[in-house]
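**Q** Residues per chain, in single letters:
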Amino acid sequence: MTPRSTYQRMLGWGGRCVVSLILAFLLLPAIVVTIAAFNDKAILSFPPQAWSWRWFARALDYPDFREGFHNGLIVTAWASTIALMVGAMFAFVIDRYSFPLKRAIEGVLVSPLVIPHFTVGLGFLILAAQIGWSRGFAVVIACHVILVLPFVLRSVYVSLRNLDQSFEQAAASLGATPLRVLLTVTLPLLLPGLVSGWLFAAILSFNEFTASLFVTSQRTQTLPVAMYNYVREFADPSMAALSVMYIVATAALIAFANAFLGLGKVLNIEQSE
Amino acid sequence: MPGQSEAAVRFDAVTKRFGDVVALDDVSLDIGRGEFMTLLGPSGCGKTTLLRLAAGFLGPDAGSIAIDGKCVNQLPTYKREIGMMFQNYALFPHMSVADNIAYGLKTRHVPRQECRKRVGDVLALVKLAGMEDRRPRQLSGGQQQRVALARALVINPTVLLLDEPFSALDKNLRAAMQVELREIQRTLGLTTIFVTHDQSEALSLSDRMAVMSEGKIRQLGTPLEVYRTPRDRFVASFVGDTNRLRGRLVSVDATGAVIALGAARMKVPAEPFSGRGASSAVDLFVRPEQLRLVNSAEPCAMTGRIAAQVYQGGHVDLQIDCSGHDRLLLRSAGDQALMRWPLGTEVGIAIDAEGCTAFPAE
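Going down the list, the protein sequences come from chains U and G. Taking the numbering used here, the leading residue of the first sequence gets 1, the next gets one more, and so forth. Taking the numbering used here, the leading residue of the second sequence gets 1001, the next gets one more, and so forth.
Since the hints were derived computationally from the structure, they do not count as laboratory data. Every residue gets a Cβ at the ideal spot worked out from N, C-alpha and C, and that includes glycine. Any given hint could be a false lead.
Taking CB as the label site, the calculated pair distances span [stated by the list, open to error]:
#1 U:LEU253 x G:ALA1129: 52 to 60 Å
#2 U:ASP164 x G:ALA1254: 52 to 60 Å
#3 G:SER1064 x U:PRO178: 18 to 26 Å
#4 G:ASP1026 x U:ASP164: 40 to 48 Å
#5 U:MET89 x G:ASN1172: 43 to 51 Å
Computed footprint of chain G on chain U, listed as stretches where at least three residues anywhere in the stretch have a Cβ under 8 Å from a Cβ of chain G [unchecked claim]:
#6 18–27
#7 172–180
Partial list, computed: chain G residues near chain U (C-beta under 8 Å) [as the list claims (entries may be wrong)]:
#8 ILE1082
#9 TYR1103
#10 ARG1108
#11 THR1158
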């Protein structure tokens, strides 16, 4: 071990403390909610006096939550899949071709990052009312596609950028038609980017609240909206229980993706080989 | 078509621009059947562009490219029957070695049985038998290169295109792979275009080489021709080590020009000097092995002082400071020079009377 001065050692300890505090701060809400979820009393108090699982049972039984979960899955599956296809197509075109207004199109595609979610939701609400579009799943899905598109686009675009063109050229030199190159080389090599894009879109869409509040109806309300409606009437820990399940499910999904593809690749912070 | 059919690949007055930059300027080049042709030049000289035109990754702005006598200007890469090896090998990371090699056979709908046999055969050829199920990332750099070569060879291409394939290998492995590649190429009689910026690689591998700079072919010839009789100052200084000395033109006639430097007289090719008057200044290009050391008292081309000795095993490189010139490089076979000419010795420098080249001074 290299010799270190007292000053360096203090700096090291200080650094560790600061990092621990930041991590604790990041996890604080999740920890508080988790503890609250096991409260036996029907109030959201902290810390709990007695412990129980009953709010988990209540959350799983409550019809609005069940339906919201089901609706959320439908919306998420459609929205992230459509966004993936649209986003991948645009990412491909933007990466491979140059054409007039390319910058402008890029700007439009990432504009939902700048435009607030409630604006998008309100816009869809007005539009749906204007053209007499019933407030079914189509509106919710269309709205979500727009909201998650920038993330999918980014994810696929970064993977495309990192993809060395010589792979595709090698395939072409071996006699593969452009379609064959796409199916056997480009898409398999882009898979981590596509999966991560889809995953991000799915998590964002499933958690999306602000815009969903405008465009969902009683019949199509997603889980976050159902939770909001619930919390306006009741203030018991079943909300907290639901949150804990949310966190566990999302963590499991990411852990699964990590085992399957490697987290670095899924988050696109690591170049694919 | 006699004459026509000689060239396996023919570039005819090919021009390629990237925006305002002219990457290739009216380049014509014929590559014979079974020939190992090297495109040599510094980066940006157009050598890679020429290779990419042959591969069909780019199209020419003017001129035509023919493979096997057929114009391929409009033919996409996948119909060209080429084998290509990339600088980074471009092995498909999501496929096994066998699937990588079989890729070109599958696109040609070769039956499964024959496919397996040909993959086995070509793996044996590149000395990787038994590696079928490995993934590219499990292989060493040299092994990856062999797989890349096998993948390009297995389809029996009309032309093999090599884009700086050795640049990622360490020196010893590189030399071994070069010999091996050349043997395989010779055995199969495969027309090959090889791109490199490494002049020693070009000299040791090529049947013929094209030295390129600024989008033009400066000289086309066998390695021996290019090394011995460079056609211009760029080729003279780019290919092989060389010393540039300032001399004086003595006479020009049909058999050659005579250059004087000190007491030395050198006979050089006359072409660059047609119409030049005697005693005009010339740049004399002398290879390190064409210089000899003599006692400084003897009549010689110039005198200097030994500034450095670089022992290379089989030979010694001596660096000599001479007033009025850049530091000279002199190559002496064996190791006697180490003892005979210690550092700081005042020496006389003699130049071989034949075999140098010279161009009018700029």
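**Q** Confirm or reject each hint.
**A** The hints, checked one at a time:
1. U:LEU253 x G:ALA1129: 52 to 60 Å: Because 44 Å falls outside the window, the suggested range is violated.
2. U:ASP164 x G:ALA1254: 52 to 60 Å: holds (56 Å)
3. G:SER1064 x U:PRO178: 18 to 26 Å: Hint holds: Cβ distance 24 Å, inside 18 to 26 Å.
4. G:ASP1026 x U:ASP164: 40 to 48 Å: About 32 Å separates the Cβ atoms of ASP1026 (chain G) and ASP164 (chain U), which means 40 to 48 Å is violated.
5. U:MET89 x G:ASN1172: 43 to 51 Å: Roughly 48 Å apart at Cβ, these two residues keep to the hinted range, so it holds.
6. 18–27: violated (count 0)
7. 172–180: n = 8 at 8 Å, threshold three: holds.
8. ILE1082: Check passed: Cβ of ILE1082 (chain G) comes within 5 Å of chain U, closer than 8 Å.
9. TYR1103: With a closest approach of 5 Å, the TYR1103 (chain G) hint holds.
10. ARG1108: At about 6 Å, which falls below the 8 Å cut-off, the nearest Cβ of chain U leaves the hint on ARG1108 (chain G) intact, so it holds.
11. THR1158: Violated, about 12 Å.
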